[in-house]
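Chain residues, written in single-letter form:
There are 2 protein chains.
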Amino acid sequence: MKRINIGLLGLGTVGTGTAKILIENKGIIKKRIGAELHLKKAADIDLDKKREVVFEKGTLTKDALEVINDDDIDIIVEMIGGKTIAKEFIIKALENKKHVVTANKALLAEAGEELFQLAYKNNVDIAYEASVGGAIPIIKSLRESLAGNNITAVNGILNGTCNYILSKIANENMEFKEALAKAQANGYAEADPTFDIEGFDTAHKTAIIASLAYGTKINFDDLYIEGITGITQTDIKYAKEFGYLIKLLAITKDLGDSIEARIHPTMISTDNILAKIDGSLNAASIFGDAVGEVMLSGYGAGMMPTASAVAGDIIDIARNIIFNTKARIPIAGFMQDQIKSKPVIPIEDVLTNYYFRFFLVDKPNVLSQVAGILGSYGISIKSVHQKERNPQEGVPVIIITYLVKEAEVKKALKEIFALDIVLEKPVFIRIEDEDTAS
Amino acid sequence: MKRINIGLLGLGTVGTGTAKILIENKGIIKKRIGAELHLKKAADIDLDKKREVVFEKGTLTKDALEVINDDDIDIIVEMIGGKTIAKEFIIKALENKKHVVTANKALLAEAGEELFQLAYKNNVDIAYEASVGGAIPIIKSLRESLAGNNITAVNGILNGTCNYILSKIANENMEFKEALAKAQANGYAEADPTFDIEGFDTAHKTAIIASLAYGTKINFDDLYIEGITGITQTDIKYAKEFGYLIKLLAITKDLGDSIEARIHPTMISTDNILAKIDGSLNAASIFGDAVGEVMLSGYGAGMMPTASAVAGDIIDIARNIIFNTKARIPIAGFMQDQIKSKPVIPIEDVLTNYYFRFFLVDKPNVLSQVAGILGSYGISIKSVHQKERNPQEGVPVIIITYLVKEAEVKKALKEIFALDIVLEKPVFIRIEDEDTAS
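Quick mapping for you: the protein sequence lines, in order, are chains A and B.
Under numbering that gives the first Met the number 0, think of the first position of the first sequence as 0, with each following residue one higher.
Under numbering that gives the first Met the number 0, think of the first position of the second sequence as 0, with each following residue one higher.
Bound conformation, chain A alone (with noise of 0.2 Å):
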């Protein structure tokens, strides 16, 4: 029976995880690729640490050359992350012609062009379905069960961290400073939680997913992102009123010679399929001209799901492998002399409805006002709530809006809050609804 040799550069939580399931599951994996898959070196520089799992004698080393340099070895998973040692370690791997599996979304998202170049000059693959949506298989679907559609639109919950806080939110009654400490007590964010709750996180997502669905490069500064830490429990209390709960949503849409790639707290429908994803989970909507909507959710993060998507990846470069294809994927989904660069459109350019929440005096005429800036900006009302009454505090008054381009919404916010009668700066948040989906 064939065997096909694994080098692991780092034993960190999913690398320990991945390094559990080519030992533990070794049996099972045998009886689906008819090869055995062999763990034959794992580096780390910390040897010392105690890890649930038993490795070979002679496996470990916390030489990472040792495992690039093994002229045996065909796969290497790079488990490190970050952006430096990382980076080298999978070029001098690429160079060394194995292919690479990595979670490393960060190094993607920023340095994916130039390492999938590499991989295609030394004909190897880099597989990356752990880098998006830990256990979920969005890239396999975008790269293969969906190739046959236009892609048209793909949103996601790409980050466990904010989907938990924003949860505890609306279900407990949180605040975000409670919320954000409870997800730390509870392990769901880290001490510095800013990559996470400030959007980054799923913006180095979003980059992947657009590329691969849009057939296009990104240029990662041109993404809108805007993370959670604005959002009170006020806002969604008024926005379950209106029937939209706020997840920090992924936003990409193919617009033909141009996208949208936006992150920011977003309102959804509780009909929305992706409103019933709750907690730490992930999900990603794909739409397709065929497909119509298809909705993946899973473990976003954590040892054990996301060393599955790794070892899917692993598999799926063993079956090129055993049946000696190499490249058999573009790796970015599309083929690379196919590969146009489209532009992101600048936040101000993004057609969406709005909800508003104004502070406003009490006293009749206020909303007339307000009302008439906003329709000199073609700004449409589609719903206003104003249930409160206090004549000495002011009141707040929401608005929810029909399409509009986010620079007019900017510019009649500006002018409104300038209006003696707004006592607070007016607060907007933008709606994902059924006209803006697809």
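Be careful, since some hints might not be right.
Note that identical chains are pooled: a pair holds if it fits in a single copy or bridges any two copies.
When the alpha-carbon atoms are kept at most 27 Å apart in a straight line, the in silico BS3-like pairs for lysine-lysine are as follows [stated by the list, open to error]:
no., residue 1, residue 2
1, K239, K381
2, K25, K325
3, K96, K325
4, K275, K239
5, K325, K29
6, K86, K61
7, K325, K1
8, K120, K39
9, K216, K1
10, K30, K325
11, K1, K339
12, K325, K120
13, K325, K86
14, K48, K61
15, K39, K25
16, K25, K56
17, K341, K29
18, K25, K216
To be clear, the hints were calculated from the coordinates, so they are not data collected in a lab.
Fair warning: this is a prediction, and the values are worked out from it, not measured in the lab.
Dock chain B against the given chain A, drawing on the hints supplied.
For chain B alone, kept in the frame of chain A given last:
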């Protein structure tokens, strides 16, 4: 550029949809695979029918054998359906060493083994993603993405007609017959709906899933199949009070030396992600030892969604042809010599939770009699519900049980029904709870 010729048999709904994708999405497919997919011939007995697609001159024929015997054609797409002529054509195509793509679940569930063997013998592929869950990549996920997992359970909502009817009963206070009439009026149910509402369609898909997930041969006659015709407003209403709703669920589990594979109306918690799958949507929850739970949803039927899955299969095979590879992935998900015959346990041996609805005389002590009999069969009660009082006509009493074997349930209910205080035949519905899920 390489050109891969495709032959299509049957221009019904999905066949026409497939032609539409091959013709209208030829450009996007070429960009993704670097080759041209060319629909060389398409056969149907009725060529006069108006179809929403413009065929190249010379494509259409009434003679299926002209397609199957065309030496230039590499892939035969069987879209005829049924178990007689479709089977003959598939056999002929395999013997001609052509790859086959089909959505024919009835044929695969009952004669899959025979066809797969023939495909192996001729070193060609049979692809059948569209046979289960329409557009949803269930088969690809089981054979590829999750191949590093021991799959422990797969539960699915696999029939849009049933899900539509059950959603109507639950959400719009209809009774079964009214909901069925609505489904028929809206094109979600056939004039003769037996095949769908009695669970046979779901059962065919269940057999395919269980074979793939657990690497076993399934004897279709061993599946337990119960349809939805007995579901009433009353039970749906009570289910809701206990936090459950009712779905026609395909339940499969790997028990080690045997498997569970059963199709019946099932109560699931409203928190279960499958509870969110409304209307004609399909979904599958796949449980694996690494991945935890992955849930995939989408349209389980319809022209273009099903054709999307067929196109995905064609593209997979085309990529093999481009790279001169055959049978890269075992058709049934496991190497042939690793497929074990595992018996499906009889429904009487299934261990699960139950919902009982009794209609009892409203007198003191009647509950203790019922509970006494349940207890004598080892059936532990989780909760009891008796809201109404009605000394004249009797009252409904709802009981939810802990895990118990179905054989004991049937014996207990028989004994209870014989009591004078029991006015109607007891109703029971199986519950799929977290403690039974995987």
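Within, between, both or neither: K216, K1 at alpha-carbon 27 Å: between (38 Å within a copy, 26 Å between copies)
Up to 27 Å CA-CA - K1 versus K325, copy category: Both, since 17 Å and 17 Å are each at most 27 Å.
27 Å Cα threshold - placement of K381 relative to K239: within (16 Å within a copy, 34 Å between copies)
27 Å Cα threshold - placement of K339 relative to K1: Between. Shortest inter-copy distance 22 Å satisfies the 27 Å Cα cut-off; intra-copy 40 Å does not.
Within, between, both or neither, where K341 and K29 count as close if Cα-Cα is 27 Å or less: For K341 and K29, only the inter-copy Cα distance (19 Å) is at most 27 Å; the intra-copy one is 43 Å.
Within, between, both or neither: K86, K61 at alpha-carbon 27 Å: within (18 Å within a copy, 58 Å between copies)
Within, between, both or neither, where K39 and K25 count as close if Cα-Cα is 27 Å or less: Within one copy only: 13 Å inside, 43 Å across.
Copy assignment of K48 with K61, given that the CA separation must stay at most 27 Å: within (12 Å within a copy, 70 Å between copies)
Same-copy or cross-copy closeness of K96 to K325 [CA-CA at most 27 Å]: So K96 and K325 pass the 27 Å test inside a copy (11 Å) and across (24 Å) alike.
Identical-chain pair category, K275 with K239, by Cα at 27 Å: both (14 Å within a copy, 18 Å between copies)
Identical-chain pair category, K30 with K325, by Cα at 27 Å: Answer is both; intra-copy 22 Å and inter-copy 18 Å each pass.
Intra/inter-copy verdict for K25 and K56 if alpha-carbon distance must be at most 27 Å: within (16 Å within a copy, 52 Å between copies)
Checked against the numbered hints above, the structure breaks none of them.
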